[in-house]
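Given chain A, put chain B in place with the hints provided.
Number of protein chains: 2
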Amino acid sequence: MLLYKQKNDTIVALSTPIGVSAIAVIRLSGDNCIEIAEQFWQGKKLSTQVGNIALFGKIINNKKEIIDEVVLTLFKAPKSFTKQNSVEISCHGSAYIVQEIIQLCLLNGARLAEAGEFTQRAYLNGQFDLAQAEAIADLIHSDSKSSHQLAIAQMRGGFSQKIKDLRESLIRLAALLELELDFSEEDVEFANREQLYSQIIDLQVIIKNMIDSFVLGNVMKNGFSVAIIGKPNAGKSTLLNALLEEDRAIVSSIAGTTRDTIEEIKNINGIKCRFIDTAGLRETNDTIEKIGIERTLKKTKEAQFIFYIFDTQITSITELKQEEETIKNYQIPYLLVGNKIDLIDKKQLEFFEKIDNFIGISAHNLLKIKELETFLSNYIQSISSNASQIIISNVRHLYCLQNALDALKIVQNAVEIRLATEMIASDLRQAIYHLGSITGDITNEDLLDFIFSKFCIGK
Amino acid sequence: MLLYKQKNDTIVALSTPIGVSAIAVIRLSGDNCIEIAEQFWQGKKLSTQVGNIALFGKIINNKKEIIDEVVLTLFKAPKSFTKQNSVEISCHGSAYIVQEIIQLCLLNGARLAEAGEFTQRAYLNGQFDLAQAEAIADLIHSDSKSSHQLAIAQMRGGFSQKIKDLRESLIRLAALLELELDFSEEDVEFANREQLYSQIIDLQVIIKNMIDSFVLGNVMKNGFSVAIIGKPNAGKSTLLNALLEEDRAIVSSIAGTTRDTIEEIKNINGIKCRFIDTAGLRETNDTIEKIGIERTLKKTKEAQFIFYIFDTQITSITELKQEEETIKNYQIPYLLVGNKIDLIDKKQLEFFEKIDNFIGISAHNLLKIKELETFLSNYIQSISSNASQIIISNVRHLYCLQNALDALKIVQNAVEIRLATEMIASDLRQAIYHLGSITGDITNEDLLDFIFSKFCIGK
Numbered sequence: 001m002l003l004y005k006q007k008n009d010t011i012v013a014l015s016t017p018i019g020v021s022a023i024a025v026i027r028l029s030g031d032n033c034i035e036i037a038e039q040f041w042q043g044k045k046l047s048t049q050v051g052n053i054a055l056f057g058k059i060i061n062n063k064k065e066i067i068d069e070v071v072l073t074l075f076k077a078p079k080s081f082t083k084q085n086s087v088e089i090s091c092h093g094s095a096y097i098v099q100e101i102i103q104l105c106l107l108n109g110a111r112l113a114e115a116g117e118f119t120q121r122a123y124l125n126g127q128f129d130l131a132q133a134e135a136i137a138d139l140i141h142s143d144s145k146s147s148h149q150l151a152i153a154q155m156r157g158g159f160s161q162k163i164k165d166l167r168e169s170l171i172r173l174a175a176l177l178e179l180e181l182d183f184s185e186e187d188v189e190f191a192n193r194e195q196l197y198s199q200i201i202d203l204q205v206i207i208k209n210m211i212d213s214f215v216l217g218n219v220m221k222n223g224f225s226v227a228i229i230g231k232p233n234a235g236k237s238t239l240l241n242a243l244l245e246e247d248r249a250i251v252s253s254i255a256g257t258t259r260d261t262i263e264e265i266k267n268i269n270g271i272k273c274r275f276i277d278t279a280g281l282r283e284t285n286d287t288i289e290k291i292g293i294e295r296t297l298k299k300t301k302e303a304q305f306i307f308y309i310f311d312t313q314i315t316s317i318t319e320l321k322q323e324e325e326t327i328k329n330y331q332i333p334y335l336l337v338g339n340k341i342d343l344i345d346k347k348q349l350e351f352f353e354k355i356d357n358f359i360g361i362s363a364h365n366l367l368k369i370k371e372l373e374t375f376l377s378n379y380i381q382s383i384s385s386n387a388s389q390i391i392i393s394n395v396r397h398l399y400c401l402q403n404a405l406d407a408l409k410i411v412q413n414a415v416e417i418r419l420a421t422e423m424i425a426s427d428l429r430q431a432i433y434h435l436g437s438i439t440g441d442i443t444n445e446d447l448l449d450f451i452f453s454k455f456c457i458g459k
Numbered sequence: 460m461l462l463y464k465q466k467n468d469t470i471v472a473l474s475t476p477i478g479v480s481a482i483a484v485i486r487l488s489g490d491n492c493i494e495i496a497e498q499f500w501q502g503k504k505l506s507t508q509v510g511n512i513a514l515f516g517k518i519i520n521n522k523k524e525i526i527d528e529v530v531l532t533l534f535k536a537p538k539s540f541t542k543q544n545s546v547e548i549s550c551h552g553s554a555y556i557v558q559e560i561i562q563l564c565l566l567n568g569a570r571l572a573e574a575g576e577f578t579q580r581a582y583l584n585g586q587f588d589l590a591q592a593e594a595i596a597d598l599i600h601s602d603s604k605s606s607h608q609l610a611i612a613q614m615r616g617g618f619s620q621k622i623k624d625l626r627e628s629l630i631r632l633a634a635l636l637e638l639e640l641d642f643s644e645e646d647v648e649f650a651n652r653e654q655l656y657s658q659i660i661d662l663q664v665i666i667k668n669m670i671d672s673f674v675l676g677n678v679m680k681n682g683f684s685v686a687i688i689g690k691p692n693a694g695k696s697t698l699l700n701a702l703l704e705e706d707r708a709i710v711s712s713i714a715g716t717t718r719d720t721i722e723e724i725k726n727i728n729g730i731k732c733r734f735i736d737t738a739g740l741r742e743t744n745d746t747i748e749k750i751g752i753e754r755t756l757k758k759t760k761e762a763q764f765i766f767y768i769f770d771t772q773i774t775s776i777t778e779l780k781q782e783e784e785t786i787k788n789y790q791i792p793y794l795l796v797g798n799k800i801d802l803i804d805k806k807q808l809e810f811f812e813k814i815d816n817f818i819g820i821s822a823h824n825l826l827k828i829k830e831l832e833t834f835l836s837n838y839i840q841s842i843s844s845n846a847s848q849i850i851i852s853n854v855r856h857l858y859c860l861q862n863a864l865d866a867l868k869i870v871q872n873a874v875e876i877r878l879a880t881e882m883i884a885s886d887l888r889q890a891i892y893h894l895g896s897i898t899g900d901i902t903n904e905d906l907l908d909f910i911f912s913k914f915c916i917g918k
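Quick note, the sequences are listed as chains A and B, same order.
Reading the first sequence from the start, the letters are residues 1 to 459 in the working numbering.
Reading the second sequence from the start, the letters are residues 460 to 918 in the working numbering.
The hints are simulated quantities; they were obtained by calculation from the structure and are not laboratory data.
There's no promise every hint is true.
Unchecked claim - Calculated lysine-lysine pairs in the DSSO-like style (CA-CA distance at most 27 angstroms, straight line):
hint, chain 1, residue 1, chain 2, residue 2
1, A, Lys370, A, Lys346
2, A, Lys79, B, Lys523
3, A, Lys76, B, Lys604
4, B, Lys535, A, Lys76
5, A, Lys58, B, Lys538
6, B, Lys913, A, Lys58
7, B, Lys523, A, Lys145
8, A, Lys63, B, Lys604
Bound conformation, chain A alone:
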């Protein structure tokens, strides 16, 4: 049920990045786009062509001056991205030419497309649902294997199907309750309360698993942050360098990090890991250093994992246990990373190895660094152990699912205390509404504008 009015006027935008290049692509979509293009096109007549055809020709302005020689690709409704007539003009990648061609489109009746407007039309014309449309934006912004896989899976519609199945189960339950309301005089129960109760519980488990998958989905989409903390000279910076050593090429500094904490990104098994090198933690009266340590504490609190690095040469097991208590205060998963193990004897190392959460390394000699990565990779995988096969990564979807879950809890409670059918049905409709708004089966203009405004122009 679409509340949003479909638009058929012709929109135009540059769909490739701005810059001097071999090719730039200008995209038009709308009922009249072929007639509009015909006004400045010199080549085979467009209106008599079949769709999906690429034609060579010229773009000429009102003064019959040649603007460019281009390839124009014609897509005829409904066989196009937007399911409207569409034209793609592949011209030479000069800012001047692009500007002239867009001007010609505007002069002949097109208007500039807003961000995401092509995808919005595709959605409104039933090319895909809302969750799939959102996946396209994620796909364009994907910058690692994991974020790409998530987006592709969501775009392919697996998630949408799961949500639609859930919603249909609820609609079926609601229908039975509605039936009871129709026959309310006769006091019959079409929906067996025991069965209803167990179904509501089952559906909550499924939704709960989806919600739980957000932690993993978020990591896959936005990366995983690891704070490296420890006393001064424990080897924090050396560890950071050791972690980045093997693959310097794909390392990049994040702009805007505070001067006293350094962030570097490393791709581990397709997941962006953000390592934060922090100031050394110690008691100090130095004002500047105190600020540094405060920032370290702040950064650490925002991290998703802590590497606590210590010098195995000078740290006793008792001291380590004390320090571990402090780390626990962060309430963030952590690993105790014993550095400089090449400088202590085997016996000493064995003592450390009895501790849970311990890995011994030599940051300086690149000893056991791979183990550290494998540990991290396994940890990230383990986040998903409770998650459903469907992984969600979109905050809007999380919010809708939580609302649906809350509504179902109320339904559960209503059934438990045997509330009137009317009340149960009403809460059930709430849950149905929230699930429907994920895929856009229920939606409103504001929501659509919000979603599509985050797209690139030209998409």
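For chain B alone, kept in the frame of chain A given last:
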């Protein structure tokens, strides 16, 4: 006559700028490009399709994972830009996806294209000649109406045709001379020396006009620079602001200008005019100011025109005449711009107006600024009065034309002093060679590499 070996292996490159965007286009060209694309393409079978067709489908990697949903456009030899089989993959504009698809192309037998390699193949396969190929690079870099028009005209082949006509005239003359050599025993003159002489003179005039057009061509392509000089407080900066006033939006500062001279660009009648605001000229003992004035002198010497601005309130005709003598030393065309004419009486103004090269303005009150622009625009047009209809803008072409002209002068001289037919024919062949190297009828590998290396990757 191509000396360069044609290549048929498959090359691949991103043809759109790098950046997050709706669309990125990856281009493949080569005998096997369709077979290569078939390896990672899921959609209609490519090898059985006709050319110029746009197909929707999926890109899948070796693990059968979906990389993207794309539109693939097929061009079949010889109906493609390179005249080879070509494939254009229009994918989502994510750096990750682009990288994955290019990797798949490389894995399946393509190699990365070098800069300009697609255009080089188009040239080698006779799609266009060398001058036309060079025009494509100019077209991509065009950033004003005039530079765009030049590039389009050259790409359309008018210039090439003119050069070919010239070259054919020379070849015809040379053929007659060669005939004489074949019959040298018999001492006949197939080429009437009078006629030969006058034809050589005519051809020199045509080439000379083309060479002269370079001044205009260079202005059209690279812009026209005007130095604004004058005494302190004459109103130089006010004039610059007045010139830019009307169209602030398309004004941009040029990076890297020295701190003491300011350059601003204004598009006047489609030509990029670069106005240089300079330090005030006066006798000074201040070291810093001296440096500023030296820079002003240097910048002024590099300019193509001078606006000498002076305050009409405080400058007598005699003083102005003296100052004009100094300006003449630059040997650059100039205009005397009298400022603050709203503050002097009519009589005084009439005296100034009797001077050639004078325009009176009020920079502060935007009086007669349009006249100044019209003057400049007319001046630029006038550069072309002696030029041929063909305007050249490429330094390589200028160099070839000058060489051809030099060779023709030697021919002329040889005819004058009635040198042996053999000598005349040899010099004529030199001229033919130089003209031929403009369009690529005569060429070598080094030259081609040099020309195409200046192209974008993917073109």
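Is it true that the CA of A/Lys63 sits at most 27 angstroms from the CA of B/Lys604? With Cα atoms ~13 angstroms apart, A/Lys63 and B/Lys604 stay inside 27 angstroms; holds.
Pair hint outcome, A/Lys58 versus B/Lys538 [Cα-Cα no greater than 27 angstroms]: 16 angstroms, holds
Holds or violated: B/Lys523 to A/Lys145, with C-alpha atoms at most 27 angstroms apart: Cα-Cα ~14 angstroms, so holds.
Hint check: A/Lys76 vs B/Lys604, CA-CA at most 27 angstroms. Holds or violated? 34 angstroms, violated
Is the straight-line distance between the alpha-carbon of A/Lys370 and that of A/Lys346 27 angstroms or less? With a Cα-Cα distance of about 20 angstroms, the restraint between A/Lys370 and A/Lys346 holds, given a limit of 27 angstroms.
Between the alpha carbons of B/Lys913 and A/Lys58, is the straight-line distance 27 angstroms or under? 25 angstroms, holds
Keeping to a limit of 27 angstroms between CA atoms, is the pair of A/Lys79 and B/Lys523 held or broken? 26 angstroms, holds
Given the proposed pairing of B/Lys535 with A/Lys76, does the C-alpha separation stay at or below 27 angstroms? It holds: about 22 angstroms lies between the C-alpha atoms, which stays within 27 angstroms.
In the structure shown, a violation is registered for the earlier hint numbered 3 alone.
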